[in-house]
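For the protein sequence lines, the chains are A and B, in the order given. Numbering-wise (the numbering used here), the first sequence opens with residue 22 and increments by one. Numbering-wise (the numbering used here), the second sequence opens with residue 5 and increments by one.
It cannot be assumed that every hint is accurate.
[To be verified] Derived Cβ-Cβ restraints for the label pairs, each shown as a range: (1) B:Leu9 x A:Asn134: 43 to 49 angstroms; (2) A:Tyr51 x B:Asp31: 52 to 58 angstroms; (3) B:Gln28 x A:Met22: 19 to 25 angstroms; (4) A:Lys167 x B:Glu53: 20 to 26 angstroms; (5) B:Asp31 x A:Glu60: 55 to 61 angstroms; (6) A:Lys108 x B:Leu9: 37 to 43 angstroms; (7) A:Ala41 x B:Gln28: 21 to 27 angstroms; (8) A:Glu60 x B:Val41: 23 to 29 angstroms.
[Stated by the list, open to error] Straight-line alpha carbon distances no greater than 30 angstroms define the calculated DSBU-like cross-link-like pairs of lysine-lysine that follow: (9) B:Lys16 x A:Lys108; (10) A:Lys59 x A:Lys140; (11) B:Lys16 x A:Lys140; (12) B:Lys45 x B:Lys32; (13) B:Lys63 x A:Lys27; (14) A:Lys27 x A:Lys166; (15) A:Lys167 x B:Lys45; (16) B:Lys63 x B:Lys32; (17) B:Lys45 x A:Lys27; (18) A:Lys166 x A:Lys108.
Please keep in mind that the hints were generated in silico from the structure rather than gathered at the bench. Beta carbons: idealized from backbone N, C-alpha and C, even for Gly.
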Amino acid sequence: MTYQEKKSIVSLISSILIFAAYCLYRYPQYPEGVMDSKEIFHYWGSFVLVLTLVSIAAHIVISIIFNIFFRMTTGEKEPSFADELDKLIDLKAFRNSFFVFILGFLLAMGSLNFNQPLKVMFIILIVSGFLSDVTGSLTRLYHYKKGV
Amino acid sequence: MGKNLVGNYIRKLRFDHNEMTQQQLADKVGVTRQTIVALEKGNYSPSLELAFRISHAFKLPLEEVFFYGENSEER
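If we strip away everything but chain A, and leave its shape as in the complex, we get:
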């Protein structure tokens, strides 16, 4: 298995774990019993903001640990640059993940149109952000394995 394939798998697993752990941590803090108040907006605002910051920081740390582990186990240096194949695969991954996010965004707006509570809109937005991240990692893994 190549460096890029291993990196895609690590990225996929870490995305799932970070998202699941964060949701489990924040779920009990949801302000029950209040409808569309400032408290709700504050909750969802901080949910998205902290999730974004936490996942960026966690991905950086996991990537550093993975590179050290990869170098120790294989004795091989990680590629120091992205060549044309990497860039092509990155573009395909961005396209697919962007498509998933836009679909989620439209669904979230649709939920408001059909008079669903704000909670539904935020959940759809957050889940589509997560799914777009997963789609990007899966696309990378697929193309590194099967080719372009």
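Chain B: place on chain A using the hints.
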């Protein structure tokens, strides 16, 4: 994936050129070793620029390194 119609003789040429390793060829043409692996497996058709760089590395014309055709996978 769609069928890759551009085939190559890179693996054979590497061994004909003093058993050049994938990493050595990758360094010569400025790509990662994984890209050479993908090319040899037929999982990737290179850009024209990379194809020229590879044929220059072997000091051969392009058509002696790469070929195009329906039966490229049979080679």
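Report task. List, from low to high, the hint numbers that the structure doesn't satisfy. Result -> Violated hints: 6, 7, 8, 11 and 13; rest satisfied.
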